[in-house]
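*Asks:* Starting from the structure of chain A, add chain B where the hints point.
Which chain is which? The protein sequence lines are A and B, in order.
UniProt numbering puts the first residue of the first sequence at 1, with every later residue one more than the last.
UniProt numbering puts the first residue of the second sequence at 1, with every later residue one more than the last.
Hint data in this document are derived by calculation from the structure and do not stem from the laboratory.
Heads up, some of the hints might be wrong.
Selected chain A positions facing chain B (Cβ under 8 Å, derived; list incomplete) [unchecked claim]:
id, residue
1, 13
2, 36
3, 38
4, 40
5, 53
6, 55
7, 56
8, 59
9, 61
10, 143
11, 145
Listed next, with one range per pair, are the computed distances between beta-carbon atoms [what the hints assert, rightly or not]:
id, chain 1, residue 1, chain 2, residue 2, range
12, A, 74, B, 1, 18 to 28 Å
13, B, 154, A, 21, 37 to 47 Å
14, B, 46, A, 47, 32 to 42 Å
15, A, 38, B, 139, 32 to 42 Å
16, B, 139, A, 62, 37 to 47 Å
17, B, 48, A, 85, 19 to 29 Å
18, B, 139, A, 5, 54 to 64 Å
19, B, 12, A, 87, 54 to 64 Å
20, A, 75, B, 1, 22 to 32 Å
21, A, 28, B, 12, 18 to 28 Å
22, A, 34, B, 50, 47 to 57 Å
Ideal Cβ placement from N, Cα and C applies to all residues, glycine included.
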Amino acid sequence: MVLNNIEKLLEKYDNGETSLKEEQLLKNYFTSDNVAPHLEMYKPMFAYFLVNQQEQFTKDVPLKTTRKFNYKWISVAAVAVLMLGFYFGTTTSKDELGTYQDPQLAYNEVAKSLEMISKRLNKGTATVGYLNEVNKGTATLGYLNEIENSTSIIFKK
Amino acid sequence: MTQTEFLNIVMPFKDKVFRVAKRLLISTEEAEDATQEILLKLWKNKKKIQEYKNVEAFSMTMTKNFCYDKLKSKQAQNLKIVHSNYEAKETPLHKQVELNDSVNWVAKIIEELPEQQRLIVQLRDIEEYDLDEIAKMLNMNNTAVRVNLSRARKAIREKLTNTHNYGVK
Numbered sequence: 001m002v003l004n005n006i007e008k009l010l011e012k013y014d015n016g017e018t019s020l021k022e023e024q025l026l027k028n029y030f031t032s033d034n035v036a037p038h039l040e041m042y043k044p045m046f047a048y049f050l051v052n053q054q055e056q057f058t059k060d061v062p063l064k065t066t067r068k069f070n071y072k073w074i075s076v077a078a079v080a081v082l083m084l085g086f087y088f089g090t091t092t093s094k095d096e097l098g099t100y101q102d103p104q105l106a107y108n109e110v111a112k113s114l115e116m117i118s119k120r121l122n123k124g125t126a127t128v129g130y131l132n133e134v135n136k137g138t139a140t141l142g143y144l145n146e147i148e149n150s151t152s153i154i155f156k157k
Numbered sequence: 001m002t003q004t005e006f007l008n009i010v011m012p013f014k015d016k017v018f019r020v021a022k023r024l025l026i027s028t029e030e031a032e033d034a035t036q037e038i039l040l041k042l043w044k045n046k047k048k049i050q051e052y053k054n055v056e057a058f059s060m061t062m063t064k065n066f067c068y069d070k071l072k073s074k075q076a077q078n079l080k081i082v083h084s085n086y087e088a089k090e091t092p093l094h095k096q097v098e099l100n101d102s103v104n105w106v107a108k109i110i111e112e113l114p115e116q117q118r119l120i121v122q123l124r125d126i127e128e129y130d131l132d133e134i135a136k137m138l139n140m141n142n143t144a145v146r147v148n149l150s151r152a153r154k155a156i157r158e159k160l161t162n163t164h165n166y167g168v169k
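In isolation and in its complexed conformation, chain A is listed as follows (with noise of 0.2 Å):
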């Protein structure tokens, strides 16, 4: 009966109309230890099938991750560098000098400061006074002016 069967299934094998499932069968049929002596030469057909699906594939295989440099990034840190450059720019470099927050106190800041100017500007015009003794010199030199009258006189033709 299971030879029968076997034989017949060897036959559609051949005609290459088995399925997968009796291929299996087969498969099994060939690999125990009853074999009928007349398909002996089907075992070593069956038993290589079998040996040959065990095969593995053991090189390793270099999957590269290739890494994008991604420019997003530079951004970010353009922007951490400046922030950065902001915040220790400002506060090295002392330019202010602080406002009054009192409106009297400012007046008096500036009533003062404004004195002292004038103070300072008076002490020039005092010195620049000399220029007056200039002045009186010309003043008596237009004289001079007289004599060349007198002068015109005489050598009047």
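*Replies:* The following block gives chain B in isolation, referenced to the frame of chain A:
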């Protein structure tokens, strides 16, 4: 797609790719190189992997084409000469060993089959693919696959019967 995701997809059939490549290229080293090449190609196009309906079948087709290209290339033809020279020297020793090892006979018989039949036997009897799947992978129609398979099986049986009988008688 990360490396692990990719490996999860590829792992189940990488051995199949290797065995099919080996069936066509015969040399183990060549088959290893081919498998590596194919996996790298898949990795490079990993963005498209989700679009493929059947990654495994697609890879098999890739393998087939790659191996055919390899066999056609000049490099392989050079190799063939070296290979046959090598064979000729070693034949007596080979035969001695093989007589004792009938499984190796099967390997030899399959090696002598035409490329296409070899490939179909590999896909059907070793990798156990459906005939329709094989037809799709090889871009052939179903009956053509069956006819080739039948021819290959009959050829194998005939040669096996011969050697078997020689052994007995």
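*Asks:* Okay, which hints does this one fail, numbers in order?
*Replies:* 2, 3, 10, 11, 13, 16, 17 and 18
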